[in-house]
Each structure stands twice: as C-alpha cells, then as structure tokens.
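**Student:** Based on the provided sequences and hints, a complete structural model is requested.
Residue numbers (our numbering), protein chains in the order written: chain A, 251 to 413; chain B, 251 to 413.
None of the hints are false.
Since copy identity is lost for identical chains, a pair holds within one copy or between any two.
Here are the simulated lysine to any residue pairs, SDA-like style, with alpha carbons at most 20 Å apart: (1) LYS295 x ALA269; (2) LYS327 x SER358; (3) LYS280 x GLY302; (4) LYS295 x ASN261; (5) LYS280 x GLU332; (6) LYS280 x LEU385; (7) LYS394 x GLU410; (8) LYS280 x SER270; (9) LYS394 x GLY330; (10) LYS327 x ARG357; (11) LYS295 x ASN267; (12) LYS280 x GLY298; (13) LYS394 x ARG256; (14) LYS295 x ALA278; (15) LYS280 x LEU382; (16) LYS394 x VAL254.
If you are wondering where the hints come from, they were derived from the structure by calculation, not from laboratory data.
Number of protein chains: 2
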Amino acid sequence: MPRVDRLLENNRAYAENFASGDLPASPAQKLMVLTCMDARIDVYKILGLREGDAHIIRNAGGIVTEDSLRSIFVSQKLLGTETIVLIQHTECGMLNLDEDLVRRQVRSEAGVDLPFDLGAIEDLEQSVRRGLDALTSSPFINDKEVRGFIYDVRTGTLLEVAD
Amino acid sequence: MPRVDRLLENNRAYAENFASGDLPASPAQKLMVLTCMDARIDVYKILGLREGDAHIIRNAGGIVTEDSLRSIFVSQKLLGTETIVLIQHTECGMLNLDEDLVRRQVRSEAGVDLPFDLGAIEDLEQSVRRGLDALTSSPFINDKEVRGFIYDVRTGTLLEVAD
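**Tutor:** So this is what it looks like as structure tokens:
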C-alpha cells in the first residue's frame with residue numbers, strides 16, 4: 251500500500267476510537283514545547299503528555315527562529331500558555347553540519363543560492379543556552395518559566411541545561 | 251508538583267521502558283509531516299506513526315514559512331525524506347484572527363511593533379491549497395509526493411484537500 255494511504259487507514263482506526271472531541275484550543279497544562287523535527291522524538295510520549303496538554307513547535311534543530319517566536323507569541327498571547335520547554339537532542343542532523351559545503355552543492359546542482367541559513371549546531375549545550383537567551387530576551391515572549399533540555403536518543407532521557 | 255518536574259518524572263518512566271535506542275536519524279518511512287502546534291494534535295497517534303518513522307515540523311497554523319522550507323530542505327536533502335504531508339485543522343487559533351487588532355494591542359502595551367506577520371488563516375481549504383502551492387513551487391524542495399489535509403478536531407478524522 252502506498253505510504254500516505256496507509257497513514258489514512260491508520261487515521262480511520264484512530265478516529266473510530268476518538269474520545270477527545272470536546273477539548274478546547276488552549277492547552278490544559280499552559281505548556282509550550284519547542285523541539286527538533288527528529289523522527290525519534292515522540293514529544294507526547296517522552297513527556298507523558300495527552301491530547302490537549304501542550305502546544306508543540308518543531309523545526310530542524312529545535313532552534314529559536316523568527317517563526318518560533320511568532321508561534322510562541324500566538325501560544326502565549328492568544329492561547330494562554332505560560333511555560334516554555336526547549337528540547338534539543340544528541341545525534342541531531344544539524345550537529346557539525348557543513349553549511350558552506352551544502353551551499354556550494356545547491357549552487358552547483360540547482361544554479362541558485364539557498365535563501366536561508368541552515369541553522370547548524372556546533373555544541374549542544376551552548377545551542378540550548380543560546381536558545382534560552384533568545385527566548386528570555388525577546389520583548390514578545392513572557393518568561394514566566396523557560397527550561398532547556400538535551401534529549402538523549404540512545405536512552406530516552408532528558409538532561410537539563412542550566413540557564 | 252510543579253509542571254515541568256511532573257514532565258521529568260513522566261520522562262523517567264518513559265526512559266525505563268525505552269527500547270528504540272538504535273534508530274537512525276533518517277526517517278524509516280521517508281516521510282515529513284508539517285502541521286499546526288495545536289495541543290489536540292498528537293501527530294504520531296493520528297497517523298499511526300512510531301518513533302523513527304517521520305520528521306514532524308509544527309508551527310502556529312501549520313503554514314509554509316521560510317523556516318518550514320529550511321526544515322524541509324534539511325529533511326529531504328540531508329536525511330532522505332520523499333513524501334510531504336501537510337495538515338491544517340478545524341477550530342485553529344489562526345482562523346479569522348484579527349492581526350491588526352493584535353498589532354495595535356502590542357504597540358499600546360509594549361510600545362513596540364510586532365516584527366513578524368502572525369499568519370492568520372481566512373479559509374482552511376484555501377490555506378492548505380496555498381501551502382501545497384508554496385511547497386511544490388519552491389526550487390529547494392523535491393515534489394515527489396505532496397499531500398494536503400484538514401484534520402477535524404471534533405472527530406479525529408483527516409479530510410484530503412485536492413491540489
């Protein structure tokens with residue numbers, strides 16, 4: 251069966267046992283999680299969350315971009331979240347990525363320049379700290395509680411990074 | 251117990267039964283899902299995914315931003331995904347959002363201008379179609395398979411939007 255059709259079959263099974271149709275848009279735990287798109291991170295499972303508990307923002311690296319700030323602003327200002335949990339992880343595809351090499355490849359293959367930075371990460375702890383700084387220094391984000399972690403994809407464990 | 255401490259306790263329980271520590275970074279299903287940060291959408295559950303299956307990108311609205319394109323480029327070019335599934339949803343906080351009103355509030359409360367568009371959505375189907383167009387027209391994204399859906403938060407069901 252083609253990939254997406256199998257997902258739709260899975261969704262039909264999910265919908266048959268669906269029991270959370272009365273949840274509001276505002277997250278029950280007033281929580282927002284920003285993390286990497288990495289396939290190994292099932293955010294709901296690793297944090298023991300249920301449908302309706304938390305906004306989840308994900309991008310390559312779990313870095314704080316302008317789009318993350320937009321989403322967090324909406325999350326806090328319009329939907330009442332108060333706590334931010336930032337999670338980056340071991341063995342991330344963005345670690346030690348050679349951006350210059352990728353740029354040269356794109357230029358030679360597609361004949362155009364990449365219009366964005368890739369967001370390569372050199373050092374995980376430093377990157378989480380930089381993310382925490384970006385979050386707490388933004389005038390558009392409330393910093394009631396902002397916590398940063400590194401997720402170990404080999405053990406399933408979260409390690410806190412001190413601010 | 252404070253919110254984040256409870257999540258860490260949940261994580262310890264998850265790590266104790268952790269059995270997927272040998273998964274590679276490249277998604278097993280060569281799949282990338284772009285969707286909204288909405289708390290009611292547990293992507294793994296609604297699509298029947300397992301750890302390691304798919305990259306998940308999430309932002310306010312599940313819209314195609316420059317940061318989405320960055321993440322998808324990384325997902326395809328560096329980690330080999332081929333299929334993109336775009337999912338927006340009913341009762342989204344971005345639907346009929348009055349951006350001008352929010353801007354005026356921020357200016358009056360914080361004395362500064364919001365430096366980004368909020369990405370309000372007027373019509374869901376049109377918005378998914380616009381997202382599909384943005385994805386298939388980007389020179390940095392392979393369009394081997396791109397599918398768009400609306401997720402109904404009342405029924406748990408996905409409805410496909412024709413391209």
